[in-house]
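Colleague: Mind docking chain S with the ligands on chain R? Use the hints.
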Amino acid sequence: MIKLDEIQKRILREVADLHEVPEGAFNIRSDGHSVGRQSTANIEILPKTDVSGLEIRIRPGTKNESVHIPVVMTKSGLKEVVYNDFFIGEGADVLIVAGCGIDNCGTADSEHDGIHRFYVGRGAKVKYVEKHYGSGDGKGKRILNPGTEVYQEEDSVVEMEMVQIKGVDDTERTTLATLKAGAKLLVRERLMTHGEQRAISKYDVRLNGDGASADVVSRSVARDDSFQKFDAKIAGNAPCSGHTECDSIIMDRGRILAVPGLEANDLDAALVHEAAIGKIAGDQIVKLMTLGLTESEAEEQIINGFLK
Amino acid sequence: MLELKNVSFAVDADLGDREIIRDVSLTVPAGRLIAVTGPNGGGKSTLAKLIAGIEKPTEGRIVFLGEDITDKSVTERARLGISFAFQQPVRFKGIRVMDLIRIAAGKEITVADACAYLSAVGLCARDYIGREVNASLSGGELKRIEIATVLARGATLSVFDEPEAGIDLWSFRNLIEVFESMRAEVKDSSIIVISHQERILSIADEIVVLKDGAVDRHGPREEILPALIGTPSAVPECRPAEIASERRVFGQ
Ligand SMILES: Nc1ncnc2c1ncn2[C@@H]1O[C@H](COP(=O)(O)OP(=O)(O)OP(=O)(O)O)[C@@H](O)[C@H]1O
Ligand SMILES: [Mg+2]
Numbered sequence: 001m002i003k004l005d006e007i008q009k010r011i012l013r014e015v016a017d018l019h020e021v022p023e024g025a026f027n028i029r030s031d032g033h034s035v036g037r038q039s040t041a042n043i044e045i046l047p048k049t050d051v052s053g054l055e056i057r058i059r060p061g062t063k064n065e066s067v068h069i070p071v072v073m074t075k076s077g078l079k080e081v082v083y084n085d086f087f088i089g090e091g092a093d094v095l096i097v098a099g100c101g102i103d104n105c106g107t108a109d110s111e112h113d114g115i116h117r118f119y120v121g122r123g124a125k126v127k128y129v130e131k132h133y134g135s136g137d138g139k140g141k142r143i144l145n146p147g148t149e150v151y152q153e154e155d156s157v158v159e160m161e162m163v164q165i166k167g168v169d170d171t172e173r174t175t176l177a178t179l180k181a182g183a184k185l186l187v188r189e190r191l192m193t194h195g196e197q198r199a200i201s202k203y204d205v206r207l208n209g210d211g212a213s214a215d216v217v218s219r220s221v222a223r224d225d226s227f228q229k230f231d232a233k234i235a236g237n238a239p240c241s242g243h244t245e246c247d248s249i250i251m252d253r254g255r256i257l258a259v260p261g262l263e264a265n266d267l268d269a270a271l272v273h274e275a276a277i278g279k280i281a282g283d284q285i286v287k288l289m290t291l292g293l294t295e296s297e298a299e300e301q302i303i304n305g306f307l308k
Numbered sequence: 309m310l311e312l313k314n315v316s317f318a319v320d321a322d323l324g325d326r327e328i329i330r331d332v333s334l335t336v337p338a339g340r341l342i343a344v345t346g347p348n349g350g351g352k353s354t355l356a357k358l359i360a361g362i363e364k365p366t367e368g369r370i371v372f373l374g375e376d377i378t379d380k381s382v383t384e385r386a387r388l389g390i391s392f393a394f395q396q397p398v399r400f401k402g403i404r405v406m407d408l409i410r411i412a413a414g415k416e417i418t419v420a421d422a423c424a425y426l427s428a429v430g431l432c433a434r435d436y437i438g439r440e441v442n443a444s445l446s447g448g449e450l451k452r453i454e455i456a457t458v459l460a461r462g463a464t465l466s467v468f469d470e471p472e473a474g475i476d477l478w479s480f481r482n483l484i485e486v487f488e489s490m491r492a493e494v495k496d497s498s499i500i501v502i503s504h505q506e507r508i509l510s511i512a513d514e515i516v517v518l519k520d521g522a523v524d525r526h527g528p529r530e531e532i533l534p535a536l537i538g539t540p541s542a543v544p545e546c547r548p549a550e551i552a553s554e555r556r557v558f559g560q
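Protein sequences appear in the order of chains R and S. Per the working numbering, numbering of the first sequence is gapless, rising by one per residue and ending at 308. Per the working numbering, numbering of the second sequence is gapless, rising by one per residue and ending at 560.
Zero decoy hints are in this set.
Quick partial rundown of chain R residues pointing at chain S, CB under 10 Å, derived from the structure:
no., residue
1, 284
2, 298
3, 306
Under the rule of at most 30 Å between Cα atoms (straight-line distance), these lysine-lysine pairs were calculated in the DSBU-like manner:
no., chain 1, residue 1, chain 2, residue 2
4, S, 415, R, 166
5, R, 79, R, 9
6, S, 401, R, 279
7, S, 401, R, 127
8, S, 401, R, 131
9, R, 63, R, 9
10, R, 184, S, 401
11, R, 180, R, 131
12, R, 139, R, 9
13, R, 139, R, 202
14, S, 519, S, 313
15, R, 48, R, 63
16, R, 229, S, 401
17, R, 3, R, 166
18, R, 166, S, 401
19, R, 131, R, 202
20, R, 279, S, 380
21, S, 401, S, 415
22, S, 401, R, 308
23, R, 125, S, 401
24, S, 415, R, 308
25, R, 127, R, 233
26, R, 9, R, 166
27, R, 141, R, 202
28, R, 79, R, 166
29, R, 202, R, 125
30, R, 202, S, 401
31, S, 401, R, 233
32, R, 279, S, 415
33, R, 279, S, 364
34, R, 229, R, 79
One-sided and incomplete, this derived list gives chain R residues near chain S with beta-carbon spacing under 8 Å:
no., residue
35, 283
36, 286
37, 289
38, 290
39, 291
40, 292
Keep in mind the hints are simulated off the structure, nothing from the lab. Backbone N, C-alpha and C define an ideal beta-carbon position, used for all residues, glycine too.
Here chain R stands alone, though its shape is the one from the complex (with noise of 0.2 Å):
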């Protein structure tokens, strides 16, 4: 039986809403090794032989089914680079839960940095989430570098669900995407940094066959001192359409810069990239200041509906 401390079971539901040892396929990694893991009749998990990491297979046509990878970092000054490789069989239809909890307490920085790469069969769909945060009141950072490459067959369909909403002090996030004839991809990152955080974010999606879509929307917050950067690349090499979208609220000293990149190698290529970023709209803070809200109540309202 698993065994985790208090710490571990917070970041757990923090990171991937587990409450208990998950159904299904998992592997809970925590301070370096992994601490339980459970591969399905479909879906199977094996370490990797030369590097930190796993390689998940998942069989053509497996539905409904769904893979846990969280990661838990509680050792001050742990420094961690993991492969984990997606294998997703034609056909199928699965939910894949990844993400990354640091507590440092301690004073040096640790460091997670996830590379996943997914393999996604032809007309298989796939929703990723991946959600990070850190805590702990050490000097020491709390990094996350997690590095995404998906590589979609004819007519699969990847969603994927970022979210950053605290305490990770620095995070450069890369999303190398290719795809073929017919296939989806859908992105959602949702980040709000605090303090001195920094925060970037970079995608590079080729959209390489007829018919193929990509849809990369940001939604973020940055307060205090913070600093983000959203750098959004599609190239549309076949008939395709795609759309990058940054939407953010500046507060405090905050700093958000959005890099627009449309490369359009094809007549048939449509793509539009669309930016916004300002402070909370006036009028949305009186309007719930008239319904008995104080100011800076009707501003967590606004943030937390924004970012949800």
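Modeller: Here is chain S with the ligands on its own, set in the frame of chain R:
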């Protein structure tokens, strides 16, 4: 219940100060429905904002339930029992209709309670309760949700700024029912409605005509309404909105 004492409101303009509200004194007794009408740009919305605390008078005092609220914030006034439906309701990304009604009610309410408020403004509650109050809502839908939030507040004084604008005839009748039920629900509560609609003016206890920032006329409906009928200050409901707005050119 509400007393405006010599209230003026001026803004900095290119050519010196400009007075938008000029020395307005007005008493709203308890348990009354007061309609405020008058030409576009006459200062009606500004008066409503002064009452809600969104703007502060440059001169004069505002007294609510015996307390001087001139220096009180929007929040404080809301908590004392003043509620305000905007002429142009605000949209919020990510805040759902249910959230907004819950905030307005100021307590945890059931979905059934929230639905009752939406039904009262003629919206099929099930379709709206989970929707975001964002750009996907039409102007008329937004306007009705705005009214539902004021309803949920159960305030002592509710101010509606042109609540009928963008609303079709069916719900126009509904609106009058809403006012009636609000008055029945909260004892001695009063309502101020800014409107050009004859139908609404004709259910008011008193009518105020605001022109060039000042009270032009004020008195019981029977006294004021007859002279307004046929002018843009009291437009019959059957007249299409476009024509009505074209005719809002005032022969002053
Ligand atoms: N903050 C402001 N700064 C400058 N001018 C203002 C300001 N607020 C209102 N005004 C002006 O004051 C006048 C009164 O505006 P207000 O919105 O109160 O009129 P209204 O009677 O509600 O008109 P309508 O019937 O069109 O809604 C208008 O001329 C408007 O342009
Ligand atoms: Mg107005």
